[in-house]
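Number of protein chains: 4
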Amino acid sequence: MNSFGVVFKVTLFGESHGPAIGVVIDGCPPGITVKQDDFITDLQRRQSGSRGTTRRQEPDQPEILSGMLNGVTTGAPITIITRNTNKISSDYDEFKKVPRPGHADFVSQVKYSGFGDMRGSGHFSGRVTWGLVAAGVIAKKISGKAVISAKLISAGGSANIENAVNEAIALNDTIGGIIECKVKNPPLAIGEPFFYSFESAVSHIIFSIPAIKGIEFGSGFTAAAMHGSEHNDPFINGKGETATNNAGGINGGITNGNEILFRTVVKPTSSTGVAQKTFDFSEGKMTTLSVKGRHDTCIALRMPVIVEAATAIAMADLILIDRGIHGERTD
Amino acid sequence: MNSFGVVFKVTLFGESHGPAIGVVIDGCPPGITVKQDDFITDLQRRQSGSRGTTRRQEPDQPEILSGMLNGVTTGAPITIITRNTNKISSDYDEFKKVPRPGHADFVSQVKYSGFGDMRGSGHFSGRVTWGLVAAGVIAKKISGKAVISAKLISAGGSANIENAVNEAIALNDTIGGIIECKVKNPPLAIGEPFFYSFESAVSHIIFSIPAIKGIEFGSGFTAAAMHGSEHNDPFINGKGETATNNAGGINGGITNGNEILFRTVVKPTSSTGVAQKTFDFSEGKMTTLSVKGRHDTCIALRMPVIVEAATAIAMADLILIDRGIHGERTD
Amino acid sequence: MNSFGVVFKVTLFGESHGPAIGVVIDGCPPGITVKQDDFITDLQRRQSGSRGTTRRQEPDQPEILSGMLNGVTTGAPITIITRNTNKISSDYDEFKKVPRPGHADFVSQVKYSGFGDMRGSGHFSGRVTWGLVAAGVIAKKISGKAVISAKLISAGGSANIENAVNEAIALNDTIGGIIECKVKNPPLAIGEPFFYSFESAVSHIIFSIPAIKGIEFGSGFTAAAMHGSEHNDPFINGKGETATNNAGGINGGITNGNEILFRTVVKPTSSTGVAQKTFDFSEGKMTTLSVKGRHDTCIALRMPVIVEAATAIAMADLILIDRGIHGERTD
Amino acid sequence: MNSFGVVFKVTLFGESHGPAIGVVIDGCPPGITVKQDDFITDLQRRQSGSRGTTRRQEPDQPEILSGMLNGVTTGAPITIITRNTNKISSDYDEFKKVPRPGHADFVSQVKYSGFGDMRGSGHFSGRVTWGLVAAGVIAKKISGKAVISAKLISAGGSANIENAVNEAIALNDTIGGIIECKVKNPPLAIGEPFFYSFESAVSHIIFSIPAIKGIEFGSGFTAAAMHGSEHNDPFINGKGETATNNAGGINGGITNGNEILFRTVVKPTSSTGVAQKTFDFSEGKMTTLSVKGRHDTCIALRMPVIVEAATAIAMADLILIDRGIHGERTD
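Protein chains in written order, with this note's numbering: chain A, 8 to 338; chain B, 8 to 338; chain C, 8 to 338; chain D, 8 to 338.
Calculated directly from the structure, the hints in this document are not laboratory data.
It cannot be assumed that every hint is accurate.
As the list claims (entries may be wrong) - Quick list of in silico lysine-lysine cross-link-like pairs, PhoX-like style, CA-CA up to 25 Å:
#, chain 1, residue 1, chain 2, residue 2
1, D, 246, C, 284
2, B, 299, A, 104
3, A, 246, B, 292
4, A, 103, B, 246
5, C, 104, D, 246
6, C, 103, D, 284
7, D, 292, D, 103
8, D, 103, C, 246
9, D, 148, D, 42
10, D, 191, D, 292
11, A, 299, A, 104
12, B, 246, B, 152
13, A, 284, B, 246
14, A, 292, B, 246
15, D, 148, D, 189
16, C, 152, C, 191
17, C, 152, C, 246
18, A, 246, B, 103
19, D, 158, D, 148
20, C, 246, D, 189
21, B, 299, B, 284
22, D, 284, C, 246
23, C, 158, C, 189
24, B, 189, B, 158
25, C, 246, D, 191
26, A, 246, B, 104
27, C, 148, C, 104
28, D, 246, C, 292
29, B, 103, B, 284
30, B, 158, B, 148
31, A, 246, B, 284
32, B, 292, B, 104
33, C, 104, C, 284
34, D, 152, D, 191
35, B, 104, B, 191
Source: prediction; values computed, not measured.
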């Protein structure tokens with residue numbers, strides 16, 4: 008089930024400490040130029056480095072195995088990988104006995120009958136999002152003049168992100184954050200009614216990203232406290248522009264041409280340095296666990312580009328489906 | 008794209024004022040007994056009647072066209088329909104010229120090049136959720152001992168729902184609400200990593216429901232203000248039970264056996280009796296629109312059973328996928 | 008798994024002796040006019056009547072439940088049903104004990120653990136192809152100027168079909184046949200390489216039709232005895248026309264613009280009047296079975312329109328996929 | 008569209024002269040041991056070497072990038088690649104102007120607007136079947152005690168394959184062949200009625216293989232000349248064994264437990280050394296083309312293992328779907 012999309016289809020593979028991670032992109036139109044720099048820009052945004060992210064330097068050079076020739080898509084499936092080189096697997100052996108709270112250690116053991124690769128969280132690692140970002144670079148080229156931009160608007164409950172990160176570092180603890188994503192000049196009328204609504208497609212892929220626990224479009228949860236007369240966005244001209252944007256640019260699951268707007272919440276990094284009481288499954292009794300090693304204080308810092316990539320992929324799929332059924336739109 | 012599911016696949020069809028609405032359920036195991044009363048119970052919960060819902064009495068008798076014999080599923084696709092009898096289509100002609108704010112009138116015109124059926128909002132009508140509820144009745148039988156229950160926990164920003172509805176009625180306006188859904192005794196280890204995580208599957212189908220604008224699992228958006236040491240749910244025994252449930256019963260996209268918990272927000276009904284300034288597309292100027300007719304003050308009142316049905320369908324699909332790949336689980 | 012197609016998606020439902028049979032067509036472009044006569048023409052071609060087909064008069068009036076308004080597609084899922092009225096189920100009770108050779112009676116019992124609807128072969132009945140033909144009527148409108156025509160070119164091994172049928176009737180036995188399908192003016196460059204080649208898509212849906220046991224494109228099985236220099240179709244002009252058509256209009260799984268050509272074989276009707284030795288599963292010993300009742304001597308007589316419909320559906324899906332990825336083609 | 012399968016999903020990628028070719032296998036159960044030797048055995052069967060196959064020595068060492076740990080599947084997507092090292096791309100430049108008859112050169116140019124990678128036929132190359140064979144090695148482990156074996160039963164119309172190959176080599180021409188595939192001890196009751204029948208699934212994937220032009224199950228095309236009383240396979244015992252096997256082990260699209268049997272035809276290799284008259288698209292006139300270089304006289308010699316792999320993949324998907332819907336079968 009590790010594919011997303013109906014026409015523009017993305018398949019992710021790889022484990023944190025396996026030989027490589029990567030992505031296959033199928034259904035991509037031919038003739039799209041993607042420069043090496045396009046990849047580097049987004050992959051570096053995802054990479055560690057700034058204060059509050061892990062000091063581990065991940066190697067991010069993309070290697071294109073198929074589907075491109077001289078920097079241009081050919082129409083065949085595109086495969087992009089990167090090698091995993093910085094692997095210290097001994098860190099993780101203990102977690103089979105004492106699964107880390109908040110991690111997938113426990114469910115992975117159950118689901119895969121003990122055969123799962125648990126080194127570095129294996130396929131559950133946030134590292135797998137590398138392929139998502141690489142695919143997003145290509146997907147962004149499909150949405151025409153649309154500009155997708157996500158940013159971290161708060162961390163640890165505070166709009167002063169730097170302060171919040173410093174406080175958490177001082178506590179040896181971790182924090183989450185809220186990312187806001189906007190799409191300017193979005194394509195009009197994409198999204199399929201009912202089961203492949205714009206929100207369905209976007210939320211589906213956004214919730215694939217590790218650590219995401221919520222999403223809201225437009226006014227989102229605050230809509231519950233509004234009157235219909237207040238929440239409805241009145242049209243102001245024949246292009247369909249609206250005076251307000253409580254709908255986040257989407258009516259009936261279909262984009263109405265106004266700016267698309269959603270927010271998503273990233274939980275605090277599960278690997279905290281604070282000691283936690285939890286269960287030792289091999290000893291059959293409670294124990295205290297302190298997760299050591301290099302981890303992000305605030306993984307949300309690295310996630311805006313992942314959210315952009317996911318959005319771009321969902322949009323690319325909806326655009327190609329819409330064009331298939333309706334032909335080129337001339338808006 | 009009007010199907011949901013990989014193995015347990017649900018296809019919805021119908022328009023508000025067309026001959027009938029209905030659902031096809033494919034991939035349903037044979038031998039499941041579904042009594043007529045099972046349908047009636049859930050379909051009546053969805054139906055109008057209580058204060059704050061439309062006074063229109065919808066005929067809800069399900070007619071089973073295929074896939075069942077003597078009240079038992081046969082393994083062939085199950086088709087269930089109900090006829091639309093209470094149709095006053097003249098209400099809606101005006102909305103081609105002056106699309107109602109908050110409705111799909113405008114995007115429907117664009118997307119379907121003017122061919123869309125706009126009577127009663129056509130295929131965008133909340134009436135199409137009838138088929139979802141009917142499918143949910145069957146899906147609930149697949150999730151074994153799991154008990155899915157959703158309830159409206161606030162409306163118009165108030166926990167006193169009756170008061171909020173009465174206030175809105177007095178204003179001739181509408182309100183939204185927040186629905187909380189819990190699954191007790193959920194199956195362990197369902198959900199596929201990355202692109203078909205439990206949250207991906209559930210959010211996908213929940214956002215198919217008209218008027219839904221947000222969803223959050225476990226602590227949801229409040230997780231952004233928590234520390235990792237606080238958000239992590241420590242294990243307390245060898246069954247994987249946890250002391251807290253900030254994760255909403257899901258780690259790494261996979262159910263951990265604890266209660267599943269999510270909340271979803273329903274926007275205020277778009278059809279408000281309050282006059283709204285909006286654009287007249289045929290005259291090319293601003294106008295004032297008052298939506299008349301029978302509408303729900305608070306559509307959220309009718310939606311818990313729809314949220315349950317959607318959850319049951321997503322869970323049924325994840326259960327059958329997991330059983331296909333891993334065989335029967337003996338937990 | 009009872010759906011076919013990626014963008015233009017067809018879902019069949021119904022049993023021979025259930026309340027109704029039908030089809031849902033999702034992903035159909037809006038604005039396509041389909042007259043009642045279009046349906047009647049094709050549905051009558053499928054219907055019984057001529058010598059060698061069952062004398063049972065099936066009611067074929069299509070009832071459109073959704074997705075069309077005033078004879079034009081709206082873009083929403085299209086549902087078409089017909090009621091089953093001519094049902095004599097007592098014919099079939101015996102087949103639970105003595106499954107008919109060549110029928111699905113035995114496998115149906117095993118697969119559905121005895122819960123399958125066996126009346127009139129249930130969902131395995133050729134009657135379910137009614138929905139395929141109805142969907143084909145709409146699909147044919149999508150393939151533009153392409154003209155799909157299938158005909159029975161031999162029956163019982165003889166090109167003189169009438170004779171072959173009369174001989175079989177005299178023997179109280181049944182015969183099969185070979186159907187040839189041609190597509191004139193086919194769209195150029197449809198089919199996706201490797202897993203959704205033109206041949207993959209067409210064979211997939213053709214083998215869904217009960218009684219089909221083989222398919223070959225262009226020179227088909229005779230290609231095994233040809234040299235490459237003979238089988239290769241040389242180009243003769245800049246439009247890509249070829250001097251010969253051994254490829255059946257397809258290279259590398261993609262249409263090359265020349266006439267599409269394939270043949271498919273229909274096995275003899277399994278319900279023969281000739282007494283057959285077979286096993287009595289309830290008595291645990293061999294027995295003699297004579298299938299009584301109204302059956303087709305040569306079901307292949309009714310199948311050209313079904314083959315056309317299946318081809319049209321596969322082509323519609325490939326056309327919409329290609330248009331989605333590549334935009335409108337101007338050839 | 009370069010994926011096959013619903014639960015056990017295979018995605019192929021790569022071009023003949025690109026950096027690498029490979030495959031992603033998703034939905035594979037964890038805990039399956041696959042030895043390096045298992046891969047080597049099948050990949051060598053596919054490889055060149057014997058008389059009538061190209062003298063080019065392809066490097067076939069599989070590199071596993073994900074989804075396996077210490078030779079055991081983990082449950083995460085499995086990615087296997089091999090590098091392309093033996094690339095002489097200058098051979099192919101001319102084919103943009105004078106597309107080779109029988110090849111995908113022409114359709115590739117049209118479909119991909121000239122952006123397709125034509126070196127070594129790019130993604131249309133038979134070399135892409137390497138990934139299919141690698142995936143087949145794993146798929147074979149899923150079908151339990153079933154034994155899939157395919158062999159070339161004739162070449163160039165002759166059962167004396169060696170003679171036929173020698174004759175073709177003497178003529179500097181190429182020949183095709185017929186491959187017969189049998190599955191002993193097949194799983195009972197796999198295949199889903201109508202759109203995912205056993206024959207639909209198998210033919211879909213078999214027609215993905217380059218050069219395949221026909222397939223027939225059981226008696227296949229000869230069934231057209233048989234009577235029903237002759238074609239029907241009478242049951243002889245309570246296990247469902249039949250006296251004959253005209254159905255090829257499949258009734259109603261579902262396996263009946265008897266040996267599965269089908270034949271498929273491979274056209275003669277398109278790259279023949281014999282001079283062919285064809286069109287020069289750049290000059291706009293007829294020309295004579297002689298394809299030089301290292302090519303297979305009879306590509307069918309290399310294809311039995313590919314047919315086995317494709318069959319194993321289709322069966323694995325049907326097995327997992329059936330197990331998902333029906334649970335473990337105890338037959």
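The hints, checked one at a time:
1. D:246 - C:284: 16 Å, holds
2. B:299 - A:104: 64 Å, violated
3. A:246 - B:292: 12 Å, holds
4. A:103 - B:246: Holds. Residue 103 (chain A) to residue 246 (chain B) sits at ~15 Å (cutoff 25 Å).
5. C:104 - D:246: 13 Å, holds
6. C:103 - D:284: It is violated: about 62 Å lies between the C-alpha atoms, which goes past 25 Å.
7. D:292 - D:103: Holds. Residue 292 (chain D) to residue 103 (chain D) sits at ~15 Å (cutoff 25 Å).
8. D:103 - C:246: 15 Å, holds
9. D:148 - D:42: 11 Å, holds
10. D:191 - D:292: This hinted pair is violated, its Cα atoms lying about 54 Å apart.
11. A:299 - A:104: 16 Å, holds
12. B:246 - B:152: Given pair residue 246 (chain B), residue 152 (chain B) holds - Cα atoms ~17 Å apart, limit 25 Å.
13. A:284 - B:246: It holds: about 16 Å lies between the C-alpha atoms, which stays within 25 Å.
14. A:292 - B:246: 12 Å, holds
15. D:148 - D:189: Within the cut-off at roughly 16 Å; holds.
16. C:152 - C:191: 8 Å, holds
17. C:152 - C:246: 17 Å, holds
18. A:246 - B:103: 15 Å, holds
19. D:158 - D:148: 20 Å, holds
20. C:246 - D:189: 42 Å, violated
21. B:299 - B:284: 15 Å, holds
22. D:284 - C:246: Holds, because 16 Å separates the two Cα atoms, which is no more than 25 Å.
23. C:158 - C:189: Measuring from Cα to Cα gives roughly 9 Å; hence the hint holds.
24. B:189 - B:158: 9 Å, holds
25. C:246 - D:191: With a Cα-Cα distance of about 48 Å, the restraint between residue 246 (chain C) and residue 191 (chain D) is violated, given a limit of 25 Å.
26. A:246 - B:104: Holds - the C-alpha atoms of residue 104 (chain B) and residue 246 (chain A) are around 13 Å apart, at most 25 Å.
27. C:148 - C:104: With a Cα-Cα distance of about 46 Å, the restraint between residue 148 (chain C) and residue 104 (chain C) is violated, given a limit of 25 Å.
28. D:246 - C:292: With a Cα-Cα distance of about 12 Å, the restraint between residue 246 (chain D) and residue 292 (chain C) holds, given a limit of 25 Å.
29. B:103 - B:284: 16 Å, holds
30. B:158 - B:148: 20 Å, holds
31. A:246 - B:284: 16 Å, holds
32. B:292 - B:104: Roughly 11 Å separates the two Cα atoms, so the pair holds.
33. C:104 - C:284: The given pair, whose Cα atoms are some 14 Å apart, holds under the 25 Å limit.
34. D:152 - D:191: 8 Å, holds
35. B:104 - B:191: Not satisfied, since the Cα-Cα distance of roughly 48 Å exceeds 25 Å.
Comparing the model with each numbered hint stated earlier shows that hints 2, 6, 10, 20, 25, 27 and 35 do not hold.
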